[in-house]
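Based on these hints, arrange chain L on the given structure of chain V.
Number of protein chains: 2
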Amino acid sequence: MKSNASLEKIAGLLKPAQSILIFPHINVDGDALGSAAALCRALRNQKKDAWILLEGEIPSYISFMDTAFCTKDADCIMQPDLCICVDCSEESRMPKRAAKYKAGKVRVCIDHHVTGEGFGDYYYIDGDEAATAQIIYKLLLAMEAEIDQVIAESIYIGISTDTGGFQFSNTTAETHAIAAKLFEKGIDHTGIMVRLYQTVPLKTVQLQAEILERMEVLADGKAAISYVSNEMMQALSASLDDAEGSVDLLRNIEGVEMAAFLKEQDDSVRVSMRAKSFSNVHQIAAKFGGGGHAKAAGCTIHLPLAEAVEVMKREMTAYWENQGK
Amino acid sequence: MKSNASLEKIAGLLKPAQSILIFPHINVDGDALGSAAALCRALRNQKKDAWILLEGEIPSYISFMDTAFCTKDADCIMQPDLCICVDCSEESRMPKRAAKYKAGKVRVCIDHHVTGEGFGDYYYIDGDEAATAQIIYKLLLAMEAEIDQVIAESIYIGISTDTGGFQFSNTTAETHAIAAKLFEKGIDHTGIMVRLYQTVPLKTVQLQAEILERMEVLADGKAAISYVSNEMMQALSASLDDAEGSVDLLRNIEGVEMAAFLKEQDDSVRVSMRAKSFSNVHQIAAKFGGGGHAKAAGCTIHLPLAEAVEVMKREMTAYWENQGK
Numbered sequence: 001m002k003s004n005a006s007l008e009k010i011a012g013l014l015k016p017a018q019s020i021l022i023f024p025h026i027n028v029d030g031d032a033l034g035s036a037a038a039l040c041r042a043l044r045n046q047k048k049d050a051w052i053l054l055e056g057e058i059p060s061y062i063s064f065m066d067t068a069f070c071t072k073d074a075d076c077i078m079q080p081d082l083c084i085c086v087d088c089s090e091e092s093r094m095p096k097r098a099a100k101y102k103a104g105k106v107r108v109c110i111d112h113h114v115t116g117e118g119f120g121d122y123y124y125i126d127g128d129e130a131a132t133a134q135i136i137y138k139l140l141l142a143m144e145a146e147i148d149q150v151i152a153e154s155i156y157i158g159i160s161t162d163t164g165g166f167q168f169s170n171t172t173a174e175t176h177a178i179a180a181k182l183f184e185k186g187i188d189h190t191g192i193m194v195r196l197y198q199t200v201p202l203k204t205v206q207l208q209a210e211i212l213e214r215m216e217v218l219a220d221g222k223a224a225i226s227y228v229s230n231e232m233m234q235a236l237s238a239s240l241d242d243a244e245g246s247v248d249l250l251r252n253i254e255g256v257e258m259a260a261f262l263k264e265q266d267d268s269v270r271v272s273m274r275a276k277s278f279s280n281v282h283q284i285a286a287k288f289g290g291g292g293h294a295k296a297a298g299c300t301i302h303l304p305l306a307e308a309v310e311v312m313k314r315e316m317t318a319y320w321e322n323q324g325k
Numbered sequence: 001m002k003s004n005a006s007l008e009k010i011a012g013l014l015k016p017a018q019s020i021l022i023f024p025h026i027n028v029d030g031d032a033l034g035s036a037a038a039l040c041r042a043l044r045n046q047k048k049d050a051w052i053l054l055e056g057e058i059p060s061y062i063s064f065m066d067t068a069f070c071t072k073d074a075d076c077i078m079q080p081d082l083c084i085c086v087d088c089s090e091e092s093r094m095p096k097r098a099a100k101y102k103a104g105k106v107r108v109c110i111d112h113h114v115t116g117e118g119f120g121d122y123y124y125i126d127g128d129e130a131a132t133a134q135i136i137y138k139l140l141l142a143m144e145a146e147i148d149q150v151i152a153e154s155i156y157i158g159i160s161t162d163t164g165g166f167q168f169s170n171t172t173a174e175t176h177a178i179a180a181k182l183f184e185k186g187i188d189h190t191g192i193m194v195r196l197y198q199t200v201p202l203k204t205v206q207l208q209a210e211i212l213e214r215m216e217v218l219a220d221g222k223a224a225i226s227y228v229s230n231e232m233m234q235a236l237s238a239s240l241d242d243a244e245g246s247v248d249l250l251r252n253i254e255g256v257e258m259a260a261f262l263k264e265q266d267d268s269v270r271v272s273m274r275a276k277s278f279s280n281v282h283q284i285a286a287k288f289g290g291g292g293h294a295k296a297a298g299c300t301i302h303l304p305l306a307e308a309v310e311v312m313k314r315e316m317t318a319y320w321e322n323q324g325k
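These protein sequences, in sequence, are chains V and L. Count the first sequence with the working numbering and you get residues 1 to 325, in order. Count the second sequence with the working numbering and you get residues 1 to 325, in order.
Chain V on its own, in the form it takes in the complex (with noise of 0.2 Å):
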C-alpha cells in the first residue's frame, strides 16, 4: 500500500484549488455526510465553488444535518481542479461516480476504513481514527479554516455516529478532545441529541417489540436468536432498515455471548451475527460462506426462514458445547 501524504500536504493540495467536488459514499451515514459537509462549508468560507456529490438519497435520520451544498448534479462542476473522497477510498463505494471522481486534476481520499486501496494521486487513510470526521477536523486545523458552529456541527455527529456515542472501542483520548473543542464552538448538542436518538421510527419500535417477544434464548442463556420475517414486515410496512441495530438489542442482554439476527429476504435469509467478549462469530458466519471478523460477523442462508432459524440454533448451541469440552 502506498504511504498515506500528510494532512499539511493535503491542505497545500487544497489551497490552489479553486473548484472542489467532495464525494463521500454510497448509502451515505452520518460521519460520510458530516466529513463531506464539514470540508465543504469551510472552502465555501474560503470563498471556493465547492459541492458535495451524492448518489442515492439522505436517509432520514440524518436529513436535519447541514445539506446546503449537496447535489445529484456531476456537472455541478465540469472539470474540478480537485475531487476529494471522504469516509471512502474505493471505486465500489462510489459505483456510478467514480468516472466523475477521476476526471479531476487532482484527486485525494481521505479515510478511516483500511479496507480501501486509496485510489487516486494522494491519500491519508488512519484505520485508528474513529471517524473520518475526526481527520477532517484535523484537516481543517492544517488549512487554518475557520471552523464555525455549522461546521463543528457537522464533525460532532459524524463522531457521535462512528463512535456509537462515544460507546465504541473506537473512541479514544483524542476523540474526546475533539468533542471538547466542537463544544466550545457552540455546538446545538441537545438539538443533534433529540434528532440522534430521539426520533426512532414508531414501527422501528413496533418491530423490534414483536422481534423481542420472538427471541429465544439458548446454551444457558449465552446466546440469543431472533428474526423478521417478510410478513412481519409488511403488517408494520416496515423496510430493512427499520430492523437495524435489532442485533446489538440481543447481543446487549446481560450474559448473552453471542447474537444472531436473521431476516428473511425474496430467495435467501440474511444472518447477521454479533459477539460481547469471548465468543467468535466469524467461526459460524464462515462455515455458511459468510464474512466479518470475530465479533460481528455476517452471511445468507439459502433456506425458508423457519429452517434457517433452526440450522443458526443448531449452529449457536454446538459452539458452546464445544467451547466446554
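Please note that a few of the clues may not be correct.
Here are some of the chain L residues that sit facing chain V, going by a computed Cβ distance under 10 Å [as the list claims (entries may be wrong)]: (1) H189; (2) A224; (3) M233; (4) A235.
Below are the BS3-like pairs computed for lysine-lysine, each with C-alpha atoms no more than 25 Å apart in a straight line [stated by the list, open to error]: (5) V/K138 - L/K185; (6) V/K138 - L/K181; (7) L/K138 - L/K181; (8) L/K9 - L/K47; (9) V/K185 - L/K9.
If you're looking for bench data, these hints aren't it; they were derived computationally from the structure. We put the beta carbon where it would ideally sit given N, CA and C, even for glycine.
Just chain L now, kept in the frame of chain V:
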C-alpha cells in the same frame, strides 16, 4: 445559601486528616459510587485510613465497580478526622448515617445537585457540573493526587452514567476534556461499556417488549402512553427496577413530544412523564399533586390501573387540543 469553599480549600482540609469517612447518597448510583471510590482510593494511596460508608445494597448494574473500600460498618473509624458526603448534600439522602457524618471533626459536602442545603462545615456544590465525579476529578488535581487507572475508571463511570453516555444536556466541553484525560490513564473503556450497556437483564428486555406492545400513540402521534401491571411483573418475576427507563423508550419515538408510563403499585399508580422539545409535562403532573419540571415530571394517581390509563390519555389528548387553540 452559604458560599462554596474552593477545591483548594477542601484539599487543604483533607491534607492533615488521617482518618476519612466518605458518604455517597442512599440508593447509590454510578456517580455517587464512582465519586466515593475515586476519592477513597486516592486517599488510600496517600496512606490514609479511608472508607466508604454505605447504607443499602449496591445495585447489580454497578456491582463491577471498585468497591474495595466500601463498608456498612459505621464503627470502621470511631471518630473520623473528616467526614465527606459526595453526590449528596442533605440528611434525607443518608438517613441512617447522618449521625455518623455529624460525628466527624470536620464535615464537607461535594455535590452537583443544588437541592441540598449543604449541611456541614464546608461544601462545594455546583449545579453546572455534569457529575459529582467531574468535581472529584478536579479535587484530585487540587490534592495533587495521582490518578491511576482504577481511579480514572471510577471517575469515568460516574461521568458516563450521569450524562447518559455524554447525551444529556448537562454534558459540556469540560466533560469531554476530562474524559480525554481519563482515557490517557488507560481505562478499560470497552470493558466498562460492556458492563454498563451490554448487560441488560433478560426480564428487562422481555418487560420492555410487552410495554411497547401495549403502547398507545395519541394526539396525532405527539403523545405516547404505556404501562406495566403487577400481573405483568409477576409473570416475569420482574421488579420496578426492570421497568426503569421505559418512559424514555416512548419519548424517543419520532414525532412523540410527550410520553407517560404508568406503574401499578399496591393501591395506587405511579406515573412517570417525559417531554422532548416543546411540551411541558409538569403542567399535567401538577394536576394530580405531582412534581418535577417541564421535561421530566411524575405523579401518583389513586385509581385502578385501567382507569388511571384512561385519565392520563384524556389529559394528554386535552393538552394537545389546547395547544392547537
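Inset, instruction - Grab the minimum C-beta distance from L/A224 to chain V and call the hint holds if it beats 10 Å, violated otherwise. - result: Nearest chain V Cβ about 9 Å off; hint holds.
Inset, instruction - For the pair supplied as a hint, V/K138 and L/K181, confirm whether the alpha-carbon distance does not exceed 25 Å. - result: Holds - the C-alpha atoms of L/K181 and V/K138 are around 19 Å apart, at most 25 Å.
Inset, instruction - For the pair we were handed, V/K138 and L/K185, check the Cα-Cα distance against 25 Å. - result: Cα-Cα ~23 Å, so holds.
Legend entry - Status of the L/A235 interface restraint (C-beta, 10 Å, chain V): 13 Å, violated
Legend entry - Straight-line alpha-carbon gap L/K9 to L/K47, limit 25 Å: 20 Å, holds
Legend entry - Given hint L/K9 paired with V/K185 - CA-CA distance at most 25 Å: 32 Å, violated
Legend entry - L/K138 paired with L/K181 [C-alpha distance capped at 25 Å]: This hinted pair holds, its Cα atoms lying about 12 Å apart.
Inset, instruction - Could you check if L/H189 really has its C-beta closer than 10 Å to a C-beta on chain V? - result: Result: holds, 6 Å to nearest chain V Cβ.
Legend entry - When the least beta-carbon distance from L/M233 to chain V is tested against 10 Å, hint result: Check failed: Cβ of L/M233 comes no nearer than 17 Å to chain V, outside 10 Å.
Consistency with the previously given hints fails for numbers 3, 4, 9, ordered from lowest to highest.
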